Amino acid sequence: MRGFLLHRLFQSAVLLVIVSLIGFATLSLMPGGPMAQYGLDPGMTQDDLARLKQQLGLDRPLWVQYFDWAWRLLQGDWGKSFRDGSAVLSVIGRHIFATLLLMGTSTVIAIALGSWIGIRGATHRHSVFDYLATIGAMIALSIPTFWFGLIGIYFFTLKLGWLPAGNMYTIGDGSVLDYAHHLIMPSVVLSLVHVAIWSRYMRTATLDAISQDFVKTARAKGASERRVLMKHVVGNALLPMIALAGVQLPSILTGALVTETVFTWPGMGRLFLDSLSYSDYPVVMGLLIFSAIIVILGNLIADIVIAFVDPRIRLA
Amino acid sequence: MTKPIDTKAGWSRRDAMRLAAIGGLGLAAPNLLGRPAFGQTPPQKPAGRVVVGMSQEPTVLNPLMVKIEVDDGVHFSLFDALFRVDPKGVIQPNLAREVPSQQNGGISQDGLQWRVKLRDNVRWHDGKPFTAEDVKFTLELIVNPKFRSWRTLGHALVRDITIVSPTEIQWRMEQPFAPYLSFLTETFIVPKHAFDGEADVNNAAFNRAPIGTGAFKFGKRVAGDHVELVANPDYFGEGPYLERLIFKYIPDSTVLYTQLKSGDIDMIGQQYIPANYFEEAKKLPSLAVEKVLRSNIESIYFNLDRPQFKELVVRQAIYTAIDRKSIIDALYYGMPAPTETFMPKQSAYYNPNLPVQEFDLKKAAKMLEDAGWKKGPDGIRAKDGVKLSFANSTTAGDQLREQLQQFVKQSLAEIGVEMKISNLPAAVIWGDFWQQSQFDTAIVGITFLIGADPDVTNRFSSKAIPAKGGRGSNNAQYVNPEVDALLEQGTRTFDPEARRPIYNKIQELVRRDLPFMPIYQTEAGYGRKKKIQGFQANPNTRTESWDAAHWYWMS
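Order-wise, the sequence lines are chains A and B.
Its first residue numbered 8, the first sequence is counted upward by one per residue in the working numbering.
Its first residue numbered 2, the second sequence is counted upward by one per residue in the working numbering.
Errors might be hidden in some of the hints.
[As the list claims (entries may be wrong)] Sample of chain A residues with no beta-carbon within 12 angstroms of chain B, all distances over it, derived:
| no. | residue |
| --- | --- |
| 1 | M8 |
| 2 | L23 |
| 3 | G83 |
| 4 | S93 |
| 5 | H133 |
| 6 | I191 |
| 7 | K238 |
[Said to hold, decoys possible] Just so you have them, the derived chain A footprint on chain B, three or more residues with Cβ under 8 angstroms:
| no. | region |
| --- | --- |
| 8 | 50 to 61 |
| 9 | 151 to 165 |
| 10 | 226 to 233 |
| 11 | 242 to 252 |
| 12 | 256 to 265 |
| 13 | 423 to 432 |
Treat the hints as calculated values from the structure; they're not laboratory data.
Nothing here was measured: the structure is a model prediction, and the numbers come from that model.
For every residue, glycine included, the Cβ atom is placed at its ideal position computed from N, Cα and C.
Bound conformation, chain A alone (with noise of 0.2 angstroms):
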């Protein structure tokens, strides 16, 4: 187990250095930066902008910008914005809980519903709702995000006036009642996608599970269905389901982009997606950085908890 951390941690250290080179070196051959939304300010000269440049640093060579803020990094600062000159760990505390919330919210809906549509159409396969689920499925997986986001405001906010149109809470406002009304569109819009996959991935599992041998041998030895199904069957499909919520795991911390934009949601989604068109290099990296630790995280710990449930997998 020491020897395998070790070795994750190594590689996790390479890879982190890697994934900073490649985002520094994209972003700054993006061209533009971050003087061309000044560009055409009338009253900003070519001399306001030169200024600017050299007091952001960013007239320096470009590898001495990367190992300036690479050593900062690893003393553990992590920057300042360009825009509000916050701290970036800062700026990303502060978007982090909108998107645990809705990501949170989401993944247990997608996780729940998900694995029982999954089983359901596993067990009863070529129903009436096998068929459905999938057709559920693949629609929901081919309509966008967006789309299905304005929809839903449309009809439960401008047409019905249930739901808000959006927004985290109501400025002022702001009680649990307030944020689970508002949590209600977003967390199920997004949660369709991710039921969509879910009850995919669930259903094969499901299905490969119940060909097993294993499987006919508990029947043979007279276990109920119920706990075939539960102990057996479910037990071994949830295997893949673990690497799997491991790959979605950093979503639920990074965010997502359209649902976060439809719905005015203030999470790191769409804080992401502010700082790369303002080009707030400190902010964008630091992002980069911290999804790339919560992806590795996100794998080692899955790879974790495989080897803890699964006895045929030790780690070495």
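Given chain A, work out where chain B should sit, using these hints.
Frame of chain A; chain B shown alone:
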């Protein structure tokens, strides 16, 4: 990214219920003029709150730091400048007691000595008195080389700032520069004491919790969501009548409009009502909707260095071949009005007597024919070996402009002029390609004025051509000695009445010479709940929230 949804079905149930409720109480049913019958007097004490939605997030709270348009609403509400420009384009005193001029002795006859008298009844939000020290500190901070300041134009000419008394300040200008008065309307004064002991002005605590003199005090900022301001009961001017003023960030413009419709926001800011929803919004009973001029002029720029465009008649013929009315009706829902000049119509210096372009393909063809531009075997006109063929560039992916190009291309093909379309990504085209005049023609939306001052030296002076080593944005490479002389004269003339004929003449010359073809002046669809009173649009500022001190809710 946005997909319009069909919302033509009329009011929402919520709107209908709201209106029924109002009608049932027998209060304030809108009359024929759309103005409420009651509730015209502001409340005694600040009451209620207004949420202004905007599609970009205000993040810069220090009004002197480099910022974008959307930050202005917050700054106008938190701070005051020495002067303020009114909706008619006239400069009014704000923190100053009067606007200095050569007549009242505030500005010396040679334009070099400035003296400004300040109000003596102004306090900062933390209770400390406002004095000339703060003005001096502000003007010095802007040109502090370590400070990440916004525009330094004009400020860089200020020398020898002297405090005469707590309510009087004077300085010397390196050269006479009349536009500076107008620049000072956008220069918000910050408190000196807030920066005492701050080692790094770029990271001062003030930048996150600003202290101003304005009608509203800083409340809090929820990053990525909103900025909340609260009433300043000790404001020296009229108002405020609202208890809270909130600037809410709603990134998608369709959703922004939807939230105005649903009543989640009370007023729509930056990016305003999308043109395709404007007609619908006008019909909504709960909203007051109006078109407001912006300073941006959508135009087609010529690169006058290209041999095709050297002859004036060619530019005139091309201009005559552009069907502006059809373009505006078809692409922009008839919203903006065509214009003939770079000067925005709301400016006190707008020249309304310029010749009006008339679309006439036959006339355009005849102009070229008469000038010796004859059609070749390929149907394209040429003269002395120069073919009347050129490229037109704009931001790739800008759908409206791409359609505009198709319109123009087809019209021009009919008179034997070939226009090729060659678009580039935003970040590429507005870099060297535009700045160093590497285009043939380009479609661009330009704000010609800095602040509300009519000076356009930066755009039309022969010394402002970057492609020829100049400093400025004369990207058309326009050279006219007469314009040069007038521009020079204009920046040295302080009296608005004396300046008017100068800028009228400049507009006349530029209209004749056509370094660019004006298509239209941008108009924004402002919208707010009808019950908000005291609102006044000011096209001479960049924000709808320049005067929130006067807003109040109809009781």
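Here's how the hints hold up against the structure:
The non-interface label for M8/A is consistent with chain B: the shortest C-beta to C-beta separation is roughly 40 angstroms, beyond 12 angstroms. With a cut of 12 angstroms on Cβ distances, L23/A stays outside the contact zone with chain B, its closest approach being about 26 angstroms. Look at G83/A: its CB is around 17 angstroms from the nearest CB on chain B, clear of 12 angstroms, so calling it non-interface holds up. S93/A, annotated as away from the interface, has a beta carbon of chain B within 12 angstroms; the closest lies near 7 angstroms.
Listed as outside the interface, H133/A is consistent with that label: its C-beta sits roughly 37 angstroms from the nearest C-beta of chain B, beyond the 12 angstroms cut-off. Every C-beta of chain B lies more than 12 angstroms from that of I191/A, the closest at about 15 angstroms, which supports listing it as non-interface. Every beta carbon of chain B lies more than 12 angstroms from that of K238/A, the smallest distance being close to 46 angstroms; the non-interface claim holds. With 5 residues having a beta carbon nearer than 8 angstroms to a beta carbon of chain A, the region 50 to 61 of chain B meets the requirement of three or more and the stated coverage holds.
Chain A is given as covering the region 151 to 165 of chain B, and this holds because 4 residues of the stretch bring a CB closer than 8 angstroms to a CB of that chain, at least three being needed. A stretch counts as covered by a chain when three or more of its residues have a beta carbon under 8 angstroms from one of that chain; for the region 226 to 233 of chain B and chain A the count is 3, and the coverage holds. Coverage of a stretch by a chain is defined here by at least three residues with a beta carbon nearer than 8 angstroms to that chain's beta carbons; for the region 242 to 252 of chain B and chain A the count is 6, and the condition holds. Note: the region 256 to 265 of chain B has 6 residues with beta-carbon separation from chain A under 8 angstroms; the three-residue rule is met and the coverage holds.
A stretch counts as covered by a chain when three or more of its residues have a beta carbon under 8 angstroms from one of that chain; for the region 423 to 432 of chain B and chain A the count is 6, and the coverage holds.
In this structure, the one hint that does not hold is number 4.
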